[in-house]
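Engineer: Letter by letter, the chains look like this.
2 protein chains.
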Amino acid sequence: MVHRPGLRSHEAGSVTEADVDAEVTVVGWVQRRRDHGGIAFLDVRDGSGVVQVVADPDEHPGVGDLKMEYCIRVEGVVRLRPTGTENPDLPTGMVEIGAGEIEVLAPAKTLPFMIDDRSEVDELTRLRYRYLDLRRPKMAENLRARSKATSAIRRTLDDLGFLEVETPTLVNSTPEGARDMLVPSRLRQGEFYALPQSPQLFKQLLMVSGVERYFQIARCYRDEDFRADRQLEFTQLDLEGAFWDRDDVLATIEEVLMAVARDIRGVDVELPFKRITWQEAMDRYGSDKPDIRFGMEIVDLSDAVAGSEFGVFAGAIESGGTVRGINAGSQDWPRSRADNMTERAKELGAKGLVWMVVEDDGQLRSPVAKFLSAQEQSEIKGLLGGQPGDVLLISADTWKTAVTVLGGLRLDLGRPSGHDELAFLWVVDFPLFEEEDDGSITFSHHPFTSPASLDEMRENPEQALSKAYDVVLNGVELGSGSIRIHDPDVQRQVFEILGIDAETANRRFGWFLEALEYGTPPHGGFAFGIDRLVMILQGEASIREVIPFPKTQTGLDPMTEAPTWVDDTQLRELGIDLTADSKLRRDGADAGEES
Amino acid sequence: MVHRPGLRSHEAGSVTEADVDAEVTVVGWVQRRRDHGGIAFLDVRDGSGVVQVVADPDEHPGVGDLKMEYCIRVEGVVRLRPTGTENPDLPTGMVEIGAGEIEVLAPAKTLPFMIDDRSEVDELTRLRYRYLDLRRPKMAENLRARSKATSAIRRTLDDLGFLEVETPTLVNSTPEGARDMLVPSRLRQGEFYALPQSPQLFKQLLMVSGVERYFQIARCYRDEDFRADRQLEFTQLDLEGAFWDRDDVLATIEEVLMAVARDIRGVDVELPFKRITWQEAMDRYGSDKPDIRFGMEIVDLSDAVAGSEFGVFAGAIESGGTVRGINAGSQDWPRSRADNMTERAKELGAKGLVWMVVEDDGQLRSPVAKFLSAQEQSEIKGLLGGQPGDVLLISADTWKTAVTVLGGLRLDLGRPSGHDELAFLWVVDFPLFEEEDDGSITFSHHPFTSPASLDEMRENPEQALSKAYDVVLNGVELGSGSIRIHDPDVQRQVFEILGIDAETANRRFGWFLEALEYGTPPHGGFAFGIDRLVMILQGEASIREVIPFPKTQTGLDPMTEAPTWVDDTQLRELGIDLTADSKLRRDGADAGEES
Chain S
64 MVHRPGLRSH EAGSVTEADV DAEVTVVGWV QRRRDHGGIA FLDVRDGSGV
114 VQVVADPDEH PGVGDLKMEY CIRVEGVVRL RPTGTENPDL PTGMVEIGAG
164 EIEVLAPAKT LPFMIDDRSE VDELTRLRYR YLDLRRPKMA ENLRARSKAT
214 SAIRRTLDDL GFLEVETPTL VNSTPEGARD MLVPSRLRQG EFYALPQSPQ
264 LFKQLLMVSG VERYFQIARC YRDEDFRADR QLEFTQLDLE GAFWDRDDVL
314 ATIEEVLMAV ARDIRGVDVE LPFKRITWQE AMDRYGSDKP DIRFGMEIVD
364 LSDAVAGSEF GVFAGAIESG GTVRGINAGS QDWPRSRADN MTERAKELGA
414 KGLVWMVVED DGQLRSPVAK FLSAQEQSEI KGLLGGQPGD VLLISADTWK
464 TAVTVLGGLR LDLGRPSGHD ELAFLWVVDF PLFEEEDDGS ITFSHHPFTS
514 PASLDEMREN PEQALSKAYD VVLNGVELGS GSIRIHDPDV QRQVFEILGI
564 DAETANRRFG WFLEALEYGT PPHGGFAFGI DRLVMILQGE ASIREVIPFP
614 KTQTGLDPMT EAPTWVDDTQ LRELGIDLTA DSKLRRDGAD AGEES
Chain D
64 MVHRPGLRSH EAGSVTEADV DAEVTVVGWV QRRRDHGGIA FLDVRDGSGV
114 VQVVADPDEH PGVGDLKMEY CIRVEGVVRL RPTGTENPDL PTGMVEIGAG
164 EIEVLAPAKT LPFMIDDRSE VDELTRLRYR YLDLRRPKMA ENLRARSKAT
214 SAIRRTLDDL GFLEVETPTL VNSTPEGARD MLVPSRLRQG EFYALPQSPQ
264 LFKQLLMVSG VERYFQIARC YRDEDFRADR QLEFTQLDLE GAFWDRDDVL
314 ATIEEVLMAV ARDIRGVDVE LPFKRITWQE AMDRYGSDKP DIRFGMEIVD
364 LSDAVAGSEF GVFAGAIESG GTVRGINAGS QDWPRSRADN MTERAKELGA
414 KGLVWMVVED DGQLRSPVAK FLSAQEQSEI KGLLGGQPGD VLLISADTWK
464 TAVTVLGGLR LDLGRPSGHD ELAFLWVVDF PLFEEEDDGS ITFSHHPFTS
514 PASLDEMREN PEQALSKAYD VVLNGVELGS GSIRIHDPDV QRQVFEILGI
564 DAETANRRFG WFLEALEYGT PPHGGFAFGI DRLVMILQGE ASIREVIPFP
614 KTQTGLDPMT EAPTWVDDTQ LRELGIDLTA DSKLRRDGAD AGEES
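Heads up: the protein sequence lines correspond to chains S and D, in order.
Here this note's numbering is used: position 259 in the first sequence is 322, and no number is missing along the way.
Here this note's numbering is used: position 364 in the second sequence is 427, and no number is missing along the way.
Since the hints were made in silico from the structure, they are not lab data.
Check before you lean on any hint, since a few could be wrong.
Claimed, not checked - Derived Cβ-Cβ restraints for the label pairs, each shown as a range: (1) D:Glu138 x S:Ser516: 18 to 28 Å; (2) S:Ala652 x D:Glu522: 37 to 47 Å; (3) S:Ala652 x D:Gly415: 55 to 65 Å; (4) D:Gly329 x S:Glu499: 55 to 65 Å; (5) S:Arg635 x D:Ala565: 25 to 35 Å; (6) D:Ala604 x S:Asp128: 58 to 68 Å; (7) S:Ala652 x D:Ser365: 58 to 68 Å; (8) D:Gly358 x S:Asp128: 53 to 63 Å.
Here the structure is a predicted model, which means the values were calculated and not measured.
From the three backbone atoms N, C-alpha and C, an ideal C-beta is built for every residue, glycine too.
Bound conformation, chain S alone (with noise of 0.2 Å):
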């Protein structure tokens, strides 16, 4: 294998002591400019490292103009630093560039902001300068880790006799909950391509094809109001594959999952990967993506409290709901915190919170402890552990809120800032339907995901338990899979009770009911998204910090300004018009009233 090392002879970071009175060429750029004692000192920085290069200004007349980010070639002599000088925090600290040229590669202006982890700099101007903000030690290290993980993705698949096949990305629209982006076709006027919101349906026609172990790592898109960190575009690892079953799937997204952590983080990760089924992560977390880091189990109180006086207790049992509560552990709160908490409470959902205290002599100090008997008291302590200055928090309401409200507020009190710890978590036996908050059903993961049994589906969807899973990382869902339908009667079925009736399924999934037919082997699979599993493991706070070019909230990329309006002339061609709103718009933007 031939390496290039194109205009340099080392890499900066690679000069030490063995190099000492060799003749080397780095290049970088200047990260530093010393001047001491009438000598110019320079740190050059290239992907490497830096390294120290004096030069005095008598021989360098120009050393003096070197500023910071200008990229330079430097030839001259290593040379040991003198006593006292050196520098152990830096792997090329012992050593210095004595300067014989140096050339200017290219001047920098004046910096919009520092190259360095110190700096804060709001987000929209580093988004404008991208480019200088990925120089950033950071940044920089977002990078590599963000290739590695894909390197390490790619490397555990091919051992593992995956064949990478890739789908095309001008489709049509597939029903996965989100709006899709378009793409109008010149050829046939008038009509759209739809990017795809993930390969879905082309996997499932692989595994009928007879590729019986596919992956990909999937441009994928979905038109989302921007909130919770989202990107129109993103990147998945897509994968697929038939003869097998669930196991297989966790097994296989096991070994790739570790072989990331272990390229990026360096950690061994146990497997098998803890599971739950979706009904314990509920119950035990109020989430179907727990974080695991931590304990603060949701504790079922119904059974304690189900003869109550307390009305709100007694009452949420009676009309069919449940009393569950949390110990939030010792928790030195003024009172106005404990308000805080049920204000929190409300926003998820419930009508209220009961708090506790436990008191140094074991007595619940609460607003409701007069309506709780003795009996209720201790037993409701006991279910929850509460030890001496415990918080308890009580939720009386139906399951769903409940659970959901308690798992918020154990979230908020208990969650580890940061990802140092990794906690990888199966989450099995989804549902397969959701109820609407109209009443209809639609499908909890999408509509391909097989029943766990028919007979179920049949008699009581609204029960009826998938085939699908998700894996989690520190209460962060990655990603899910399922088994997949393989019977076209099956696919049918389920689509009607979609509300999906046959006329409809026909004209929008005619062709891959039909695909079906042809001896579809039982097939399932799994996908990842790339930004959030490398956002965790360099335990950044936001997908954006990992993607090299993202866009902000509202879809624009402050560098390029994309999008943009586009001439009346071009879009014709196309067979679209813009509206009259849209032109009003574009107007307004031309007379520069909006940027």
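Given chain S's structure and the hints, the job is docking chain D onto it.
Structural biologist: Here is chain D on its own, set in the frame of chain S:
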């Protein structure tokens, strides 16, 4: 590493004598069923190959219902085939599986075509049922080859320390010669993203960012009229490096292509590849992408016929043109074939074509022989190395027309069919600019290509060379690259020569020109098409054979019927509407007049 067997104990193609007496489970598709002496013989195929299953209909009453491409699971015991019935051509040909249990995993309808490489099927039908087409051995092999290619590319570049970086696909228009595909923005109604024709500007920004070695296997988009085997979307290896020069880029690409050729074809390509300049390629082969697997090179006959009495020759030279010829070798032509050659030459832009046949006695037979002196005839024959029986073809025209016409005829007459031999070639020193039909100047590669010499560019732009280079395989241009402009002032000068005034340059590329102001390192790179590379290595004649789900020449997917009409409300959310013409088309389609 956990390899998951899934539903099977053995892959069908892996069952051998070593497994005799073992209980095995195989899965796959019924490739063939023969009933012979009251016994059913099933060829069961999975991704690894085929194994024979033998079933007695008395024990397996359902076996008679197993039709072609049924997907089944078979449990049974491996045994040696009876003597005389072995098939030495098959890896599993010494054994068979005596069926214990046969389970139908999925039945198959009657197939639209046979799953083999022998049946001729029209392409539209193949694309309509692509999931069955991909089961054919040759297509399955193409999928595997493509996966091997991308795997070899990534492994090589990983080893060389390149970072894989994903650049955005919702971008602004860039000037790369083809129409952009557009994506309307919903959050910024009336504005549009473009899908990238290449990651050109973003990879240059990565160099500004300090990423010194970048690569990406990138999906790109060009809205061209589908001539010459193009697709709206295609995949390229995109690569860029800082602080290196042309030879570094070329050596890296050679490593990559050698690895791909080795993994797909099992051959070691000789490095370095041959190199010729663009000028030499045009002079010798009449093409900037010469197929050097055969000779038939173009020879300059001008000196030999400069003073000829034959007006066509003399006139061409007097008016600044040239007379050139090729020796088409021993072509056993009827006269009509020679006339066809003249027609073909006219298609290629010639005004006419002179042909000569070397007779057994060494004389030239030709309609124009009588106008040429004995010495002229002798020199022509000598320069072209004419032997008895050889056909000599001569064009007298401007330099460009003469070499282009002879280059085209050379391919028609001499090009080997198929791609058994692999002849890689670098073409270097391309012109910087080209003249357009209207006499204006445009870029040859793209406007970010570095001129070979600034002085030359300023003084004589039409003749100026660039630091651009192409890689050619068997006469097919695989890809191109260049050393880029890293000095914003040079970039501004190039824009100016291209007729882009300063204001327009600033409006369209101001952000990029500014990026170049911050210490941009010298850099250069390359991109080549994966589709074409795999096509040639697989010996296919069209890229559609190596694209899993391609579209037709009009951009249609005959399987999913993408693109499609979209609801008006969905369009209005995007700030656009159909033109009146498109609405008419749609209403016609709705009425069933057009599909």
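Engineer: Taking the beta carbons of S:Ala652 and D:Ser365, is their distance inside 58 to 68 Å?
Structural biologist: At roughly 60 Å between Cβ atoms, D:Ser365 and S:Ala652 fall inside 58 to 68 Å, so the hint holds.
Engineer: Just to be sure I understand the hint, the distance between the Cβ atoms of S:Ala652 and D:Gly415 should be within 55 to 65 Å; is that true here?
Structural biologist: holds, 57 Å
Engineer: Range first: 55 to 65 Å. Now tell me if the beta carbons of D:Gly329 and S:Glu499 are that far apart.
Structural biologist: With a Cβ separation near 57 Å, D:Gly329 and S:Glu499 satisfy 55 to 65 Å, so the hint holds.
Engineer: Between D:Ala604 and S:Asp128, does the beta-carbon spacing fit 58 to 68 Å?
Structural biologist: Taking Cβ atoms as reference, D:Ala604 and S:Asp128 lie about 60 Å apart, which means the hint holds.
Engineer: Using the C-beta atoms of S:Arg635 and D:Ala565, is the stated range 25 to 35 Å upheld?
Structural biologist: holds, 30 Å
Engineer: Could you tell me whether the CB distance from D:Glu138 to S:Ser516 stays inside 18 to 28 Å?
Structural biologist: Given about 25 Å between the Cβ atoms, the range holds.
Engineer: If I claimed the Cβ atoms of S:Ala652 and D:Glu522 lie 37 to 47 Å apart, would that claim hold in this structure?
Structural biologist: holds, 42 Å
Engineer: Between D:Gly358 and S:Asp128, is the Cβ distance one that fits in 53 to 63 Å?
Structural biologist: For D:Gly358 and S:Asp128 the Cβ distance comes to about 57 Å; the hint holds.
The earlier numbered hints are all upheld by this structure, with none contradicted.
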